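Enquirer: Protein chains in written order, with my numbering: chain V, 1 to 114; chain Y, 1 to 110.
Think of the hints as simulated: they come from the structure by calculation, not from any bench. Incorrect hints may appear among the rest.
Computed footprint of chain Y on chain V, listed as stretches where at least three residues anywhere in the stretch have a Cβ under 8 Å from a Cβ of chain Y [unchecked claim]:
#, stretch
1, 41-55
2, 106-113
Computed cross-link-like contacts, DSS-like style, restricted to lysine-lysine with a CA-CA straight-line distance of at most 25 Å [what the hints assert, rightly or not]:
#, chain 1, residue 1, chain 2, residue 2
3, V, K41, Y, K17
4, V, K22, Y, K27
5, V, K40, Y, K68
Fair warning: this is a prediction, and the values are worked out from it, not measured in the lab. All residues carry an ideal CB built from backbone N, CA and C; glycine is no exception.
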Amino acid sequence: ETGVTQTPRHLVMGMTNKKSLKCEQHLGHNAMYWYKQSAKKPLELMFVYNFKEQTENNSVPSRFSPECPNSSHLFLHLHTLQPEDSALYLCASSQVRGVYNEQFFGPGTRLTVL
Amino acid sequence: SQELEQSPQSLIVQEGKNLTINCTSSKTLYGLYWYKQKYGEGLIFLMMLQKGGEEKSHEKITAKLDEKKQQSSLHITASQPSHAGIYLCGGRGSNYKLTFGKGTLLTVNP
Numbered sequence: 001e002t003g004v005t006q007t008p009r010h011l012v013m014g015m016t017n018k019k020s021l022k023c024e025q026h027l028g029h030n031a032m033y034w035y036k037q038s039a040k041k042p043l044e045l046m047f048v049y050n051f052k053e054q055t056e057n058n059s060v061p062s063r064f065s066p067e068c069p070n071s072s073h074l075f076l077h078l079h080t081l082q083p084e085d086s087a088l089y090l091c092a093s094s095q096v097r098g099v100y101n102e103q104f105f106g107p108g109t110r111l112t113v114l
Numbered sequence: 001s002q003e004l005e006q007s008p009q010s011l012i013v014q015e016g017k018n019l020t021i022n023c024t025s026s027k028t029l030y031g032l033y034w035y036k037q038k039y040g041e042g043l044i045f046l047m048m049l050q051k052g053g054e055e056k057s058h059e060k061i062t063a064k065l066d067e068k069k070q071q072s073s074l075h076i077t078a079s080q081p082s083h084a085g086i087y088l089c090g091g092r093g094s095n096y097k098l099t100f101g102k103g104t105l106l107t108v109n110p
């Protein structure tokens, strides 16, 4: 248990579906992150939120839409995805104060797009 | 952009053997992080190194960062099946962005 939870753990969706991934952290952190992990590739940073404000969008297609209503919750809204979007989506959190703070990761959501 | 190369890509060892995983950066590192991941699960934080020549240990795992802060090694002594998993290094460059290597898959045979 890292203090970061993600739901659902597994998700299968069609290309025309709309779904959302949820992340919650219980560590009192104020920065949250979405990462994509595909086979044979390094972990790819998608979005960064500091104090609920989006500070980074790593050229992510608009079919991925993040939302951060407060410092403890992070969502990733999905619509009209492509099969190549199938991957493990990981959420992480950290303290903002001090730029070298380690990130704590959730267990991930395994997404399959049919 | 900063890139991290990990070697080897995969490693199979007999229980009780020592092993080393390497992580090399294309640029100077301002923070180096080691994580462990069970297949299909999240990353578990192991250790963070910041200073050149720094070395940290936790139980049977030791991580080092070289003086130039471009290379790190993770050494496991007397490996056990519980050490099996994917080891990832993450590094912060001068822009504070965290970049990860592709990971090293470790198998420990009983």
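Enquirer: Hint by hint, work out which the structure violates, then give me just those numbers in ascending order.
Expert: Structure breaks hints 3, 4 and 5.
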